[in-house]
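Here the structure of chain A is known, so what remains is to put chain B in place on it, guided by the hints.
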Amino acid sequence: MHRPGQAARQHLESARRTVAGFLGASATEIVFTSGGTEANNLAILGMVRGLPCARKHVVTTPIEHPSVLECVRQLGREGVDVSVVDAADIEQTLREETVLVSVMHANNETGAIHPVREVAAFVGRRRQGGQTIYLHSDGVQAAGKIPVDVRELGVDLYSLSAHKVFAPKGVGALYVRKGTPLRGIQYGGRHERERRAGTENVPAAMAFARAVELSDGAATLERLRDNFETALLKRLPWVEMNGAGQERLPNTSNVLFRGISGEGLVIALDLQNMAVSTGAACSSGSIEPSHVLLAMGRSREEARSSVRFSFGRYNTAAEIAALVDATAKAAEKLRKEEKLLAG
Amino acid sequence: MPDSAARIIAVAMSGGVDSSVVAGLLQRQGAPVVGMTMQLWNQRRLPELIPEGGAVGRCCSLDDVYDARYVASILGIPYYVVNFEERFEEQVVKPFVEEYLAGRTPIPCAQCNNFIKFDQFLEMADGVGAEQIATGHYARLSFNPATERYEMRTSVDANKDQTYFLFGLTQAQLARTLFPLGGMAKPQVRDLAKELGLPVAEKHDSQEICFVPGGDYANFIKAYLAEQGRELPDGTGEIVDTAGRVVGEHAGTHRFTVGQRRGLGVAAGEPLYVISTDPSTRRVQVGRDRELMRDSLIAGGVNWLSIASPTEAREAQVKIRNKHAPAVATLVPTGDPERVEVRFRQPQRAVTPGQAAVFYNGDLVLGGGWIV
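Residue numbers (this note's numbering), protein chains in the order written: chain A, 1 to 343; chain B, 1 to 372.
Hints listed in this document are in silico derivations from the structure and should not be mistaken for laboratory results. Don't take each hint at face value.
Unchecked claim - Which residues of chain A face chain B? A few of them, derived with a C-beta cut under 8 Å, are:
| no. | residue |
| --- | --- |
| 1 | S261 |
| 2 | E263 |
| 3 | G264 |
| 4 | I267 |
| 5 | A268 |
| 6 | E288 |
| 7 | K333 |
| 8 | L334 |
| 9 | E337 |
Claimed, not checked - Just a few of them, taken from the derived set where beta-carbon distance is under 8 Å, the chain B residues facing chain A:
| no. | residue |
| --- | --- |
| 10 | V34 |
| 11 | I74 |
| 12 | I77 |
| 13 | P78 |
| 14 | Y80 |
| 15 | V82 |
| 16 | N83 |
| 17 | D126 |
| 18 | V128 |
| 19 | G244 |
Glycine is no exception: its CB is placed at the ideal position from the N, C-alpha and C atoms.
One chain only, chain A, in its complex shape (with noise of 0.2 Å):
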């Protein structure tokens, strides 16, 4: 009621116009949540649980992230039937009690890019042919780094991370087609029309919105990583570029230094300055094989020594040429420490 607070209110729905915008959607399709993840167990658990179908069938891939294999796995527990396919597969894993496909829109780990536009078109034709069937997608990973238009792609809920984007973590967003039933899964407050109840962090959608506003194309990116990938192969010619053969993000490339630690390579890189990843961190922070690589077909033994590296908008061909350099450096330091190790 009073001006302070309807400033705020102001400024929170501003900023959701600004990230619909980003989608193609419009702002009453935008539920500001905590992050990517919050966002995927909105979109899952929400969807499934809120619908009244007797029998209800989840489809999903092995290459999500937790976040989204969990929910589906916690969905299993209460009842629900669970189909985990890759991408390929799903139109033949479909049944006329499928309610929810959830599909990842670019891998967050291979950067390959997901065919959801098809996905979205045998959806669409079974929702004509009377089914209740929603399509989720996880776009956390390509949203920024790719032109997404959520009508275009034609899915009805679409996750988003902000500090993907560079705004500051904590914030995120999940797109909610307009008419489709998604229920909240916490209770207590009726903010974001009644679908994610507690109190609007309003900086961080301000922030979020700040950061979507100065994101721009990819093209930069691209040229990044193909330079660097040129240039390492040329120092390195015995690694491999995992997913290389598939239609993938421009900022992403995860490479396969076959004999050495991954995990090795990333405290030499980090001691230099250079922040790389490998696989998932479990609790403790230690790393453990990829999923995503695992599923893909990679060994256990080749998960470990993969590195993805992702670069950004303020990564620089200088910074490239000293990350080739330092990575060659480092990968040949360790493979010479393995094979004394192995000998």
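Just chain B now, with coordinates in the frame of chain A:
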């Protein structure tokens, strides 16, 4: 000792007071220090072993990693958790289980030192640019220019001495290793922790085998085998006395170790002890205390540490378990350079296959091997 200044040192940090003080001390001396915690075992794998209300076993618990990370942040040093779980399982956990099933009493800490801490960790350190490693072990190292060998000596704090678990190290490993606490007593280390402002000064010492919660190794073996889809072999059988008479029954040979008195369930006029176990006949032999005495043993897989392999018999003091008072003995070479016969001057109680026999000359660690 080589000059350690300006060379990066990787400190193996467990989150305990000892390794925390090592990191603090080296940093205070001006060395560039990197802290690393080895993730060795995931306790959630065998949740049935974790008692209600929390973990008793301390291996790689999140609390310890939290402590190590906090200490590193106070010191302002880079810190990493490195995952050696697969290697640890292959080289430490599996042999531990197999040794028990074969009727021996293994020492996983020595295996861990040989194959993990002073092998994979050392290589990881080197790979990331740290030429030396430091740990919180209680042992002293020095270089003897006359013999051109690194020498290991017992810790000045006899209660904390850990050389029994370090006999398997090689010259190449010692050349790159620092044990900054070997010259200190534990209370001094705790004082140093306070002086350095480290929040772990009052933490309890770890005691048991780190991956076996509560020290219940029989339960661990059962749970681990079940996880691997294997059943615990039926080890139940007879308890016999030294004359071969059956005096009782037992629930599995792997539950017994030489010298053990408790858990036999056999009533006798005087205390009975386990003399030997034999998984092939599933028999546990018991006898009186004096029947446990042996005047010699064979050590296999012998490693000579501070001295070159001797060609002739020599005197030494020998420890046959960690808390054993060293016994005077003659080390007699056999035809096999890795096998040594140890002849004690006085018979020793409970010589236990699977444990180590470590050879000393005063405070100097000569080497050691595994009791066969």
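For this session: Against the structure, test the hints numbered earlier, and report the numbers of the ones violated in rising order.
Result: 11, 12 and 19
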